[in-house]
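Starting from the known structure of chain A, arrange chains B and C on it as the hints suggest.
Protein chains in written order, with the working numbering: chain A, 287 to 655; chain B, 287 to 655; chain C, 287 to 655.
Calculated directly from the structure, the hints in this document are not laboratory data.
Ideal placement from N, C-alpha and C gives every residue a C-beta, glycine not left out.
If a hint is listed, it holds; no wrong ones were tucked in.
Across the chosen pairs, the derived CB separations fall in these ranges:
| id | chain 1 | residue 1 | chain 2 | residue 2 | range |
| --- | --- | --- | --- | --- | --- |
| 1 | C | 642 | B | 537 | 57 to 65 Å |
| 2 | B | 386 | A | 550 | 17 to 25 Å |
| 3 | A | 501 | B | 312 | 20 to 28 Å |
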Amino acid sequence: MAHAYGNLVDNTLYQDFTKVVNNHYTYEKGQLTIGEGDMLTEYESCLYCHGTKVEVKGLVTRDTDYGELEFPDLEGWPNQGVGRINPDGSLGACSSCHTRHSFSIEIARKPSTCSECHKGPDVPAYKVYEVSKHGNIYQSKMSDFNFTEVPWRVGTDFTAPTCAACHASLLVSPEGEVIAERTHQYNDRLSWRLFGVPYAHPHPIDANLEKVVNSQGLPLAVELNGEPVAEFVLSKEQQLENNNRMKAVCLTCHSTQWVENHFKRLDNTIHTTNRMTYQATKILSDIWAGGFEKGLPQGENIFDEQTERMWTTIWLFYANSSRFASAMAGGGDYAVFANGRYQTTEQLRKLLDQLKLYRALEEKEEVEK
Amino acid sequence: MAHAYGNLVDNTLYQDFTKVVNNHYTYEKGQLTIGEGDMLTEYESCLYCHGTKVEVKGLVTRDTDYGELEFPDLEGWPNQGVGRINPDGSLGACSSCHTRHSFSIEIARKPSTCSECHKGPDVPAYKVYEVSKHGNIYQSKMSDFNFTEVPWRVGTDFTAPTCAACHASLLVSPEGEVIAERTHQYNDRLSWRLFGVPYAHPHPIDANLEKVVNSQGLPLAVELNGEPVAEFVLSKEQQLENNNRMKAVCLTCHSTQWVENHFKRLDNTIHTTNRMTYQATKILSDIWAGGFEKGLPQGENIFDEQTERMWTTIWLFYANSSRFASAMAGGGDYAVFANGRYQTTEQLRKLLDQLKLYRALEEKEEVEK
Amino acid sequence: MAHAYGNLVDNTLYQDFTKVVNNHYTYEKGQLTIGEGDMLTEYESCLYCHGTKVEVKGLVTRDTDYGELEFPDLEGWPNQGVGRINPDGSLGACSSCHTRHSFSIEIARKPSTCSECHKGPDVPAYKVYEVSKHGNIYQSKMSDFNFTEVPWRVGTDFTAPTCAACHASLLVSPEGEVIAERTHQYNDRLSWRLFGVPYAHPHPIDANLEKVVNSQGLPLAVELNGEPVAEFVLSKEQQLENNNRMKAVCLTCHSTQWVENHFKRLDNTIHTTNRMTYQATKILSDIWAGGFEKGLPQGENIFDEQTERMWTTIWLFYANSSRFASAMAGGGDYAVFANGRYQTTEQLRKLLDQLKLYRALEEKEEVEK
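One chain only, chain A, in its complex shape (with noise of 0.2 Å):
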C-alpha cells in the first residue's frame, strides 16, 4: 500500500535531485562531471526509508548443517523501508516499524522507532518530539506507560501522546469511546503535508503520486510560486476533515482555545515559511535568468549549481524544520537556531549575496573584454 518506492524513483524531478547527491563525481581538467549512480549506494541512502524492490536474481546453494539447500539470490536485500516492493509484487515493509519476529507492537508506538526515517535535517520530526513537552513527559514518565494494551486508553495507558498515538493507533477514553479510529494510512489526520517540494502544501488526495503535475510540466502539486495545484490535493473541506481527526486527539487533552491557537499558529508558520521559500525561488529565478547558473529555463538539473544547493537547503531542512517545531509544539529551537529561522534567513541572505557576486564578477570580464 505505501507508495514511497514509485514516488521517488519514478518522479522525474526527483530522479534529477538524487543523482546530484547520490552518484559519482569526477573532477578532471578543471571540470567537476556527475557520472553514474549505484544500487549499492541507493539502497543505503534514499531506498534506505523509501525501500527497495526486492528482486528473485536466481538460486543459490549453501551448505548448511542440513546439508546443501537452495536459496533465492535477492536483489535489493535486506531492507525494511515502508514503501518496499517485495517480490511479490505487494507493497510495504510492516518491519519498518513492527521489527521482525516480535512483530511488536510495543515498538511500533515507542518514538525512538520511528527516529530511523523521521530524525532529520530533511525530516526533523523525532528531534522536535524530544525537545516537546509530549517527549519530556514520555521520557520521564514512559515506564509507567502500557504499551500493549489495544484499544490504547488515552490518560490511563499513557499520559503524553508518542508518534503513533497521534498518527496511527485506535485510541479510546478510559470508558472505551473511541476518540479516534486506527490508521495505518499516514496522512488520514493530517492536512498538510508539511514536506511539500519545495513548499508545504494541502495533503495530496491519493498516496501514488504518478500522475501529479504542475502547470510548468513538473512532477509536483505546487507552481513554483508555491500555489497548490488543486486537482491532485485535499480541498478546504476535505483538510478540514482530516484535521477533526486530528483534533480529537488532541482534546483529549488540551482546552479547545489551546488546540485552535496551536492550529492557527501553524497555518501561519505554514504560510510564512511557503513565502520565504518562494523569495528564494525568486533570487533563484534570477540567477537563471543570468545564465550565471543552469536550471529550468535552460532545461537542465535544478540541484547541481550552487546556488541552487542553497535554496534546496533552505526547503528541504530550514523551512521543514520551522513547520515540524510548530507542527508538534516543538520548542524553541527547532524554530529558530536549529536549522529554523535563523539558518533561513541567513542562507536567503548569502542567495542574495552570490548572485551580486555573479554580477560583480560578470561586469569584471566585460570590462576587460
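Relative to chain A, chains B and C alone:
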C-alpha cells in the same frame, strides 16, 4: 520572578536580532527587504522559551456538555515559557519544568525536561550533558534513582547529578547534612554567564536587565572588546561565593583537586573563547569601517548582513558550545567538532576571507572607473 | 595498551591540525595569525577522549578532616580518556567505559556510555546506532535485557546488540557455545579503519602508529590518492579474518545473505566515499598548484586556509558519516542528509567554485596591471 520576557522584548539590540531572524523578507527588483513580523511566529520561536505575554482579549461563548459557557479569549496562549507574563501580571510559568496537573518533581529533576529550552545550538547544555560522564551514568542507572525524595540525598537517591541536582535542588548527604539549599534562582550557583552577548561575563547582579548599558550605549553587560561593565555584573568576591555553592555540590563526589582543576579549565575556556570572539569583532569592525556592510558606525542593524551573521554565529553557537562543553565536562566533541573550536576557527578564517573579497571587488570597481 | 595519546600527539600532521583548531588566533593589521596553544584547552578538547599525560608535579598540603595531609599535585588531571598516560607510565583508563568506583559492566555495555567519545560529527557512531534497527529495539526493550550476565547470551540476555556486543563482549549462544571471544582490542573484529585520515583504509596492523609513513613522507597509512600503504595495514587475508569474527556475531540473528549483502554495501561505500575524497583532493591540489592557498607543495600547514578546511570537512565529517551509516545500517539520514552524501557533493561543488573564484580574482588583478 523570571525576567526572560522583558530581557528579550525590551532590549532594543535583541529586538534588532529578532527582527532579522523572525520577520518577513521580500525580494523585489534585486533587493531583499526585511518587513514586519507577526506575533504568531514570536509565540512559537523566541517566546516559546522566554514566555509570552498572556492577555485576556475578551470573552468567547462555546457550546459545552454543560450548555453554553463563556471562556476568556487569550492572546499569547498556550505557552509554558519560563518568563511568561500571566494575565494577572505575575511573572513565570511553573509548568516549564513541573508539567501541568501532575506538578511532578520527578519530571523537573530529569534532564530531558530541560532539553525543551536548552538543547542548542545556542545553548547546547542538554547535548553536552548527554555525552558527559554524568549523563552516561544517568542513562544507565536512572531506573535505580529515586526522583521524588525530598531532600535529595546525594549517593543514596542518585549517583550522578541531573541538571536539577547542580542548579536547583535541595541536596543533602546520606546523613541529612545540607550540601546545597534549594533555589529557583538559577544563577545562585553560577559565577559566569556563559551565554553572554556577545562575550561570556560574570553573572549579572540583577535578573532584570532593563537598566544594563555599556559605554557605547548598547544594552549589554560587556563592552565590544569583551570587558564586563562592572556596575552590572558580579564582583570577583560574589563570583567566588556563587562558585563555592556549586563546588559544594561537586565535592560530594569529587576531590578538591578534581574540582579546582575543572574550574581552572572553565576559566581558561571562557578567556580563550572570548578572545576568539574579540578577533571576530575586530574583523567585523574593519568590514564596517570599510563600508562593506553597515553596522554600528552607520547606526544600522548589526545582525542583518552576511559577515554580521557570520560573526553572530561565532559567539552564539560556537563559543557557547565550547563553553558549555567545558562547564559540564562534556566531552571532546562539543568542545571541538560539534559547533566547537573547529567551527570557530574555520568561521574566523572565512570572515577574514570575506573582508578580502569585499576589498578585491572594490578595487575592481575602482579600476573600472 | 591504548595508543590514542601518542598517535595524536606524536603525529606531526595531526599536530598541524590541532594547532589550527585549538591554538589562539590574533587579528591585527588585516592579518590573522595562529599563535601558541595551551594545555588546559587540549585537556578538554582532543585529549579529553584521547587521554592526557598525567604527571605528578609535586605535592600540595591541604587541610582535611584528618588534619593536614599531603596530596600529589597532578598535571593533566582529571581525565578519563582511553589512551591516558598514567603517572606510572601505564597506558589507558578503564574508567572511560567502566566508570569509577562501580566499575560497572552494565554501564560499559550500554551504548550511551560510548557516546561520550563517539557521537560526532567526526565519529557519529552513536547517532547512527540510535536510528538503526538495533538502536530502535534497544531503546524499546532494554529494560528486559540482562546487562550483567557473563558470558553474554545472544537472544537470551539481549535481543538487539549494543556497541559492546559487536565490538568487545564475550558472546555465547543460549546453549553456551562461544560466538565471539572477549576483546578489548577494538579492531579485532574490524577489517577497515572507517575513520581514515583522509581515506578509509584497511585497519593498521599495529595500534601504535608512530612508524607509519607514506611515500610522500607524511605520517599516514594512505597515499594522497587513497592507496593504502601495504606495509602498515592489514592484508586482504587479515581483513577477512577480522571480518569473519564480526560476521559470526551478525550471523547469530541474520541469514548468510543478509550479512554478505550488508558488508557488500559497506565495501561499496568505502570505495565511493574514498573516491569523493580523492576528487576533493585533486581540486585542492589545483588550488595549491595555483598558489591560491599554501599547502603541501609549499611545505606549509595543509589545514589552515579556507579550501583546506572545506576539504578536511569532506572526509572528516561527511565521508565518515556516510561510512558509519553504512557500517551500522543506520538509516537514510546519516547516509544522505545528516552530514552525508548531500553535504559531500555540495561541498565538492563549493570547493571547485572557490577555485574558480580565486582564478577570476587573479585574472582581474592581472588586467589591472
